[in-house]
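Undergrad: Sequence lines, in order, name chains A and B.
Letter 156 of the first sequence, counting from 1, is numbered 156 in this note's numbering, and no numbers are missing.
Letter 95 of the second sequence, counting from 1, is numbered 95 in this note's numbering, and no numbers are missing.
Treat the hints as calculated values from the structure; they're not laboratory data.
It is possible that some hints are incorrect.
One copy or two, it doesn't matter: identical chains are merged, so the pair holds either way.
30 Å max Cα-Cα, derived DSSO-like pairs, lysine-lysine [what the hints assert, rightly or not]: (1) 144 x 279; (2) 110 x 270; (3) 253 x 270; (4) 279 x 214; (5) 253 x 214; (6) 85 x 270; (7) 161 x 214; (8) 82 x 46; (9) 279 x 253; (10) 46 x 161; (11) 270 x 242; (12) 161 x 110; (13) 82 x 270; (14) 242 x 110; (15) 144 x 4; (16) 161 x 144; (17) 168 x 46; (18) 214 x 242; (19) 110 x 168; (20) 46 x 110; (21) 144 x 168; (22) 46 x 144; (23) 4 x 168.
The structure displayed is predicted, hence computed values, not measured ones.
There are 2 protein chains.
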Amino acid sequence: MFNKLCVIGVGLIGGSIATAARANGLAQTIVGFGRLDDIENLQLAKELNVIDEFYTDIETAIVDADFVIIATPVAATENVLKLLKSFWKTNTIYSDVGSTKGNVIEAAQKVFDCVPPNFIPAHPIAGAENSGVSAALVDLFVNKRLILTPVENTSSEALQKTQQFWEKIGALVSIMDVHQHDKILAATSHLPHILAFSLVDMLGQRDEQEAIFKYAAGGFRDFTRIASSDPTMWTAICEANKIEILQLLEQFKAELTTVQNLIETDDYTKLFELFSYAKMARERFLNQI
Amino acid sequence: MFNKLCVIGVGLIGGSIATAARANGLAQTIVGFGRLDDIENLQLAKELNVIDEFYTDIETAIVDADFVIIATPVAATENVLKLLKSFWKTNTIYSDVGSTKGNVIEAAQKVFDCVPPNFIPAHPIAGAENSGVSAALVDLFVNKRLILTPVENTSSEALQKTQQFWEKIGALVSIMDVHQHDKILAATSHLPHILAFSLVDMLGQRDEQEAIFKYAAGGFRDFTRIASSDPTMWTAICEANKIEILQLLEQFKAELTTVQNLIETDDYTKLFELFSYAKMARERFLNQI
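Put together the whole structure using the sequences plus the hints.
TA: Below is the structure:
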């Protein structure tokens with residue numbers, strides 16, 4: 001499918017893409033690029049045969065590459081695009097994996113004035129608690145959603161080829177408007193993470209006084225699992241998707257006020273209906289995955 | 001330890017108590033009491049040797065019992081106490097398993113004028129997603145917290161014997177004031193459940209329009225797991241622990257306002273600190289279980 005795939009940032013996501021591309025015969029050569037301080041991880045990636053070679057010099061890394069995937073933390077995208085700019089080729093497809101897309105498109109606009117037609121913003125909705133290339137999985141994207149958010153002048157050929165690449169490694173590809181992507185992800189991912197961080201922040205301070213955590217059980221462990229996520233990444237996501245997140249936080253506070261009012265006025269019939277609706281809605285969600 | 005244990009309500013909790021009591025040789029005879037419409041579950045409990053016999057008549061069920069555990073849904077406690085009142089014996093120990101305790105003590109006060117010295121309010125912090133006696137586990141309480149909330153006139157002998165019973169089936173027993181119990185559980189259990197129900201209620205309505213759930217991933221599944229809990233039980237808990245829950249909802253809305261303000265004013269240093277504190281606090285929690 002491709003002669004040379006260059007993965008910028010060979011961590012969990014980048015490493016899994018490389019591994020899956022190799023397993024499915026999608027690139028003849030697969031190379032990795034990383035910063036000097038990432039050299040041990042890059043060496044490991046080569047030892048594990050995830051990549052054929054690695055480089056810390058961008059020009060050498062991308063020479064002859066016909067597919068370049070930026071798999072760094074989303075906050076680094078703008079700097080990576082700046083690095084790539086001098087060597088940008090119209091026949092190469094460039095893509096990324098950032099979990100917010102409005103800011104990635106803004107970064108591309110900033111660096112190139114307008115988003116290059118051969119840059120395809122992509123977001124694989126997959127991840128794991130671990131990080132680094134040693135956590136890479138060949139099937140990380142199998143049956144997982146992947147969203148492509150093309151802009152007006154995106155090349156339909158580059159879009160199609162990126163879609164085919166992801167489908168061949170098992171992803172379920174959707175194409176949608178960038179704002180729709182950021183709105184949906186704010187709801188299904190960003191808000192839950194912020195709620196989990198907020199709850200554990202609030203209760204953690206109380207735990208220091210009263211040792212309440214020792215009476216918390218399995219439900220609390222599941223509910224707060226995402227509060228163990230990377231604070232750097234989640235701060236960057238809050239910045240990147242600020243508007244949508246602020247709106248949703250306001251909406252969620254209004255939802256909590258509704259629940260408060262039901263309890264305050266002893267309207268347990270309506271509270272039961274709300275809980276029952278939620279239980280049913282979650283079953284609908286479970287039946288989709 | 002006991003001649004005859006009578007379990008009122010032989011579901012997941014009651015069945016697990018009976019199974020663990022038998023496995024540890026804590027009662028010579030173990031019987032179950034249930035309502036007529038629970039007869040199939042009671043028959044199954046007998047077939048599985050969880051109980052020796054079952055009854056739908058309370059007088060017969062508790063005759064000669066020296067330990068009676070109410071393991072019905074917490075909302076039924078008052079009615080069960082009314083049933084037991086006519087046959088109440090001063091030499092028998094009575095206990096329960098309700099996840100709110102203020103309302104259980106109120107119910108006992110209402111039925112008996114003052115809480116009987118041989119009634120020991122108890123809350124095993126354990127559960128599972130399944131219900132019914134077929135889901136009972138011999139080790140459901142092993143290394144799980146159990147809180148006893150005695151009142152002023154509680155018999156220290158009955159309290160001690162109840163504590164010993166639970167310790168012998170593996171629970172880590174704490175004794176605390178009923179208000180402290182209800183405050184702690186509001187924080188570590190009731191608030192998280194309400195947040196999960198509220199989030200899925202809010203997003204479920206949007207999912208009906210926009211099918212957003214299909215883009216939700218593993219983090220969302222974990223975070224919302226407790227929104228699949230029993231709406232009847234959770235409505236009853238909101239009623240039973242109304243005051244504490246309302247206070248915590250207010251406090252959590254204030255926490256969300258803090259987070260909103262940090263995002264709104266682009267104070268990502270403080271936001272990062274908040275997320276980092278939460279991640280660290282969750283690690284403290286994980287190291288305790």
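Undergrad: Evaluate each hint against the coordinates.
TA: Structure-based check of each hint:
1. 144 x 279: Both ways: residue 144 and residue 279 sit 24 Å apart in one copy and 26 Å across, limit 30 Å.
2. 110 x 270: between (50 Å within a copy, 27 Å between copies)
3. 253 x 270: both (18 Å within a copy, 21 Å between copies)
4. 279 x 214: both (27 Å within a copy, 17 Å between copies)
5. 253 x 214: both (28 Å within a copy, 24 Å between copies)
6. 85 x 270: This pair counts as neither: shortest intra-copy Cα distance 57 Å, inter-copy 34 Å.
7. 161 x 214: Answer is between; shortest inter-copy Cα gap is 23 Å, intra-copy 52 Å.
8. 82 x 46: Within one copy only: 26 Å inside a chain, 73 Å across chains, cut-off 30 Å.
9. 279 x 253: Both, since 20 Å and 23 Å are each at most 30 Å.
10. 46 x 161: within (26 Å within a copy, 63 Å between copies)
11. 270 x 242: Only across copies: residue 270 and residue 242 sit 15 Å apart there, 33 Å inside one copy, limit 30 Å.
12. 161 x 110: Close inside one copy (25 Å), not across copies (72 Å); limit 30 Å.
13. 82 x 270: between (55 Å within a copy, 29 Å between copies)
14. 242 x 110: within (18 Å within a copy, 52 Å between copies)
15. 144 x 4: For residue 144 and residue 4, the Cα distance is within 30 Å only inside one copy (25 Å; across copies 55 Å).
16. 161 x 144: within (18 Å within a copy, 54 Å between copies)
17. 168 x 46: within (23 Å within a copy, 55 Å between copies)
18. 214 x 242: The answer is between: 23 Å across copies meets 30 Å, while 35 Å in one copy does not.
19. 110 x 168: This pair counts as neither: shortest intra-copy Cα distance 32 Å, inter-copy 67 Å.
20. 46 x 110: Answer is neither: 34 Å inside a copy and 73 Å across each miss the 30 Å cutoff.
21. 144 x 168: within (12 Å within a copy, 46 Å between copies)
22. 46 x 144: within (26 Å within a copy, 46 Å between copies)
23. 4 x 168: Classified as within; 16 Å inside a copy, 65 Å across copies.
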